[in-house]
Amino acid sequence: MLIKYWPAKTNIPFMRYRYVGVALSILMIIGSFVLLATRGLNLGVDFAGGSVIELTESETVTVSEVRSKIGNGLTVNSATDTDGTRRIVIRFGDLDESLLGPEFAALSPEEKVERASSESNTFVVNEIKSTFNLTDQDILRNDSVGPKVSGELFREGMIALGVATIMMLLYIAFRYSWSYAIGGVAALAHDAIGTMGLFSLLQIEFDLTTVAALLTIIGYSINDSVVVFDRIRKVRRKYKQMPSNEVIDIATNETLSRTFLTAGTTLIAILAITIFGGPVLQGMSIAMIWGIFIGTYSSIFFASAIVMALGTDIRRPGVPDDTPGFQGAS
Amino acid sequence: MLQFPAWKVLLVLVVLAWGVVMALPNAVNMSGAPDWVPKKSVNLGLDLRGGVYLEMEIRPQDVIGGRLDVFARDVRSALMERTDTQAPVLHLAEVSGRTMTITLTRADASGNFPVDDAIARIEKVNGPLEGGLAGGKTFDVARAGPDRIAVTVPANSENLMVTDALAKTETIVRRRIDPDGVAEISITRSGSNRLILEAPGEPDPQRLKDLLSRDGRMTFNIVDDSASSIAAAQAGVVKPGFRLVSGPTTEPLLIRSIPEIVGSDIASASQGNDEANRPQINFRLNSNGARKFFETTRANTNKRFAIVLDDSVMSAPNINEPIPGGNVRITGDFTMEEAQDLAAIISAGEMPAKVQFLDQRVVSSTLGEDSIRSGYLAAIVGLSLVGTFMILAYGAQGVFAVASLAMNIVLIFASLTLLNATLTLPGIAGIILTIGMAVDANVLVFERIREEQRNGRSIWTAVQAGYERALITILDSNITTLFAAGILYALGSGPVKGFAVTLALGIITSVFTAFIFTRMLTVFWMKIAKPKRFAV
Numbered sequence: 000m001l002i003k004y005w006p007a008k009t010n011i012p013f014m015r016y017r018y019v020g021v022a023l024s025i026l027m028i029i030g031s032f033v034l035l036a037t038r039g040l041n042l043g044v045d046f047a048g049g050s051v052i053e054l055t056e057s058e059t060v061t062v063s064e065v066r067s068k069i070g071n072g073l074t075v076n077s078a079t080d081t082d083g084t085r086r087i088v089i090r091f092g093d094l095d096e097s098l099l100g101p102e103f104a105a106l107s108p109e110e111k112v113e114r115a116s117s118e119s120n121t122f123v124v125n126e127i128k129s130t131f132n133l134t135d136q137d138i139l140r141n142d143s144v145g146p147k148v149s150g151e152l153f154r155e156g157m158i159a160l161g162v163a164t165i166m167m168l169l170y171i172a173f174r175y176s177w178s179y180a181i182g183g184v185a186a187l188a189h190d191a192i193g194t195m196g197l198f199s200l201l202q203i204e205f206d207l208t209t210v211a212a213l214l215t216i217i218g219y220s221i222n223d224s225v226v227v228f229d230r231i232r233k234v235r236r237k238y239k240q241m242p243s244n245e246v247i248d249i250a251t252n253e254t255l256s257r258t259f260l261t262a263g264t265t266l267i268a269i270l271a272i273t274i275f276g277g278p279v280l281q282g283m284s285i286a287m288i289w290g291i292f293i294g295t296y297s298s299i300f301f302a303s304a305i306v307m308a309l310g311t312d313i314r315r316p317g318v319p320d321d322t323p324g325f326q327g328a329s
Numbered sequence: 000m001l002q003f004p005a006w007k008v009l010l011v012l013v014v015l016a017w018g019v020v021m022a023l024p025n026a027v028n029m030s031g032a033p034d035w036v037p038k039k040s041v042n043l044g045l046d047l048r049g050g051v052y053l054e055m056e057i058r059p060q061d062v063i064g065g066r067l068d069v070f071a072r073d074v075r076s077a078l079m080e081r082t083d084t085q086a087p088v089l090h091l092a093e094v095s096g097r098t099m100t101i102t103l104t105r106a107d108a109s110g111n112f113p114v115d116d117a118i119a120r121i122e123k124v125n126g127p128l129e130g131g132l133a134g135g136k137t138f139d140v141a142r143a144g145p146d147r148i149a150v151t152v153p154a155n156s157e158n159l160m161v162t163d164a165l166a167k168t169e170t171i172v173r174r175r176i177d178p179d180g181v182a183e184i185s186i187t188r189s190g191s192n193r194l195i196l197e198a199p200g201e202p203d204p205q206r207l208k209d210l211l212s213r214d215g216r217m218t219f220n221i222v223d224d225s226a227s228s229i230a231a232a233q234a235g236v237v238k239p240g241f242r243l244v245s246g247p248t249t250e251p252l253l254i255r256s257i258p259e260i261v262g263s264d265i266a267s268a269s270q271g272n273d274e275a276n277r278p279q280i281n282f283r284l285n286s287n288g289a290r291k292f293f294e295t296t297r298a299n300t301n302k303r304f305a306i307v308l309d310d311s312v313m314s315a316p317n318i319n320e321p322i323p324g325g326n327v328r329i330t331g332d333f334t335m336e337e338a339q340d341l342a343a344i345i346s347a348g349e350m351p352a353k354v355q356f357l358d359q360r361v362v363s364s365t366l367g368e369d370s371i372r373s374g375y376l377a378a379i380v381g382l383s384l385v386g387t388f389m390i391l392a393y394g395a396q397g398v399f400a401v402a403s404l405a406m407n408i409v410l411i412f413a414s415l416t417l418l419n420a421t422l423t424l425p426g427i428a429g430i431i432l433t434i435g436m437a438v439d440a441n442v443l444v445f446e447r448i449r450e451e452q453r454n455g456r457s458i459w460t461a462v463q464a465g466y467e468r469a470l471i472t473i474l475d476s477n478i479t480t481l482f483a484a485g486i487l488y489a490l491g492s493g494p495v496k497g498f499a500v501t502l503a504l505g506i507i508t509s510v511f512t513a514f515i516f517t518r519m520l521t522v523f524w525m526k527i528a529k530p531k532r533f534a535v
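Protein chains in written order, with numbering that gives the first Met the number 0: chain A, 0 to 329; chain B, 0 to 535.
Everything labelled a hint here was simulated from the structure, so no lab data went into it. Hints are not guaranteed to be accurate.
[Stated by the list, open to error] List of simulated lysine-lysine pairs, DSS-like, C-alpha gap at most 30 Å:
#1 K128/A x K353/B
#2 K3/A x K353/B
#3 K147/A x K208/B
#4 K8/A x K529/B
#5 K68/A x K353/B
#6 K233/A x K531/B
#7 K496/B x K147/A
#8 K8/A x K531/B
#9 K147/A x K353/B
#10 K111/A x K167/B
#11 K526/B x K111/A
#12 K208/B x K111/A
#13 K496/B x K3/A
This structure is a prediction, so every number in the text was calculated from the model and none was measured.
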């Protein structure tokens, strides 16, 4: 006996509630912008520059010991790995110049800016090694990113998001029409902004892997929207005189089972990463879990509402209604 | 859609068999297998195997400053040379940023400075730039005042100089870190003036940085040991043509500014042991260097010869007798590792410009092993949960979907091996994510088949229509995700690139397995089991 995760036939008048959906979305977008402007993102070393060092916690090396003995404006926290071992995570930016020795003090101001992060890292690593009698093998991770690279990485990440969005806009405009393209891209922008808002709200570290997660969310969201669009196009061809809201409702209801099944399987896979993938992948997987929810929601309410406002018509000049071989047999 | 001629079946089977053979070394130790079996497994990224990642750059102004410094020596000999018709042109040359300013210090009887004469002399030693335009000169030499000449680098030569310097730096970096050429390090150029060094298994970034941050400027200079000169120098009056340098093991020494032997005279250097079995550094000079060394030692017997590396005296032995042959050694209080590193620095040669470190990432091998383990666990759990979910939802069809999912993972590993791509921790996340998303294609098809059945179609037409109608949706939705992966790959770096690779490969292979392999299994099942309906 098979399990039915979702009834085969539903008849939910999604478009009747579209104003509620759009209002919620706009509230969320405004809220995200307010959060981003006031709280900002908790930028990780990739984008903010500075250092992260990780050690294994032991009898002698504990968070409080590191705090009291190394001090110097470091942020010391603990993290737990999946197998239960505890790690000490030490974060810091540029240390006070007086600690970095005479050779550093003699540099020109611009050299100081460029080398401060690397020199600070060396200083702290040496302090840790000598204070706790550790070797290089005891240092699990040691990342140090200078101001030049961190700025570039942030810029590149944002460019990647922008370029991906434009490519998708063009592809959907080519395959469907501009109203679908705008709807789909609005939905993915909605999801990206909402995810960044969540990161700002919870102050989860925003780093390179998070940008990767954002791009995946965008990919997932557009994937979801395209499936619904595809169905809208089919229904529209079948019932040429039907009002847009009914067309969209039929299409959304017909794809709903698939929408939830796919969201479910993807969610299961990501939950496995969150629970078993270790601390490195946690930020990324939290972003993706949120992204699945918001991506599913936006393709049902947000993208469709925009397509509805702009028109579901996909006839373009020169393209016959039913391109043979393209749609398959009906 | 439902016809599978023999060649098609064969093709699918060949692809799958290829996948299994290519992916197998990742799961099983293949060392005992026959020669024709591929044994290469996927490259693991530094975050999974541990090691040091360093991004560094050379700055164009440093490269140009270095070239001007070298040119200053040519200018000096050109201007100071006395010929039958010309007297030496006294001058001061100063390199600041991208300009060398030459100030003439002696005017003729009428108060004019011989600027034109000086420019003519400088132009004689101003050769064409390697790789530059034919007939073009390396430097622009121009009058900059009644007693001044400015030497600059033309804008179009700058890029050539930086490219050339980067190539040299790359070679030197490799030779310093891996003098024997055995270590598995990777050095890649990034942009016009950056290098990315990846050293798997290396735990200590500081050792690498120390090795690379030295200029490696090696010179042998004659020492002035006269007490009066040293006293004057320490009081602040350094004898012209000399300079005061110190070293870790020596008192400050007054050495001749112009070296007798320079880095290019050295053929090779290696770590050796002295009579007491303490580490020392052995050099061999090339024929030119050996000749100069012999002549210098003959002319300066009973003086001291300072061996200077980057303005620091390493050792200053006494010249007891002329030394032929060109074999030299430095003894000192070195550890074995220090001696090896110094030998590597000396034989690699001088950096064209100082290396600046921009980005450093170090992962220990323990953390890497942890990450592999947790990634593996997450993949197994993810796959089995998704599998259970699919079988519960679709029965026999679900089993086919799971089979194609497993094949999908095999094919991802096979293509990673084929493309020589690197698997990173986010890459593993990408694979797990494709597990979730790959079933989407199956879900789309199965849901479509159910729908067709509800509309009263027979099983064969329902399956036929389901696959046909879902195809375009699957392609559209996957192509858009592929865009995201492609852009991540183009613009991302390191681990993110790894994520993009597995995501993109996963999308491509999942369309193959979900759309072709599952369909083939379904068709065979329908032929053999002859079911009346699909379970709904």
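The hints, checked one at a time:
Between K128/A and K353/B the alpha-carbon distance is near 28 Å, which keeps this suggested pair within the 30 Å criterion. Restraint check: the Cα-Cα separation between K3/A and K353/B comes to about 67 Å, which exceeds 30 Å; the hinted pair is violated. Taken as a hint, the K147/A and K208/B pair is honoured in the structure, with Cα atoms around 18 Å apart against an allowance of 30 Å. Simply put, K8/A and K529/B have alpha-carbon atoms about 27 Å apart, close enough for the 30 Å limit, and the pair holds.
Between K68/A and K353/B, the direct Cα distance comes to roughly 35 Å. Violation of the 30 Å bound is thereby established for this hinted pair. For a cut-off of 30 Å, the pair hint linking K233/A to K531/B stands: about 28 Å separates their Cα positions. Using a Cα cut-off of 30 Å, the hinted pair K496/B and K147/A holds, with the two alpha carbons roughly 20 Å apart. Between K8/A and K531/B, the direct Cα distance comes to roughly 22 Å. Compliance with the 30 Å bound is thereby established for this hinted pair.
For the proposed pair K147/A and K353/B, the alpha carbon gap of about 17 Å is at most 30 Å, so the pair holds. Only pairs whose Cα atoms come within 30 Å are accepted, and K111/A paired with K167/B is accepted, the gap being roughly 26 Å. Using a Cα cut-off of 30 Å, the hinted pair K526/B and K111/A is violated, with the two alpha carbons roughly 75 Å apart. With a CA separation close to 17 Å, the supplied pair K208/B and K111/A stays within the 30 Å bound.
Taken as a hint, the K496/B and K3/A pair is broken in the structure, with Cα atoms around 39 Å apart against an allowance of 30 Å.
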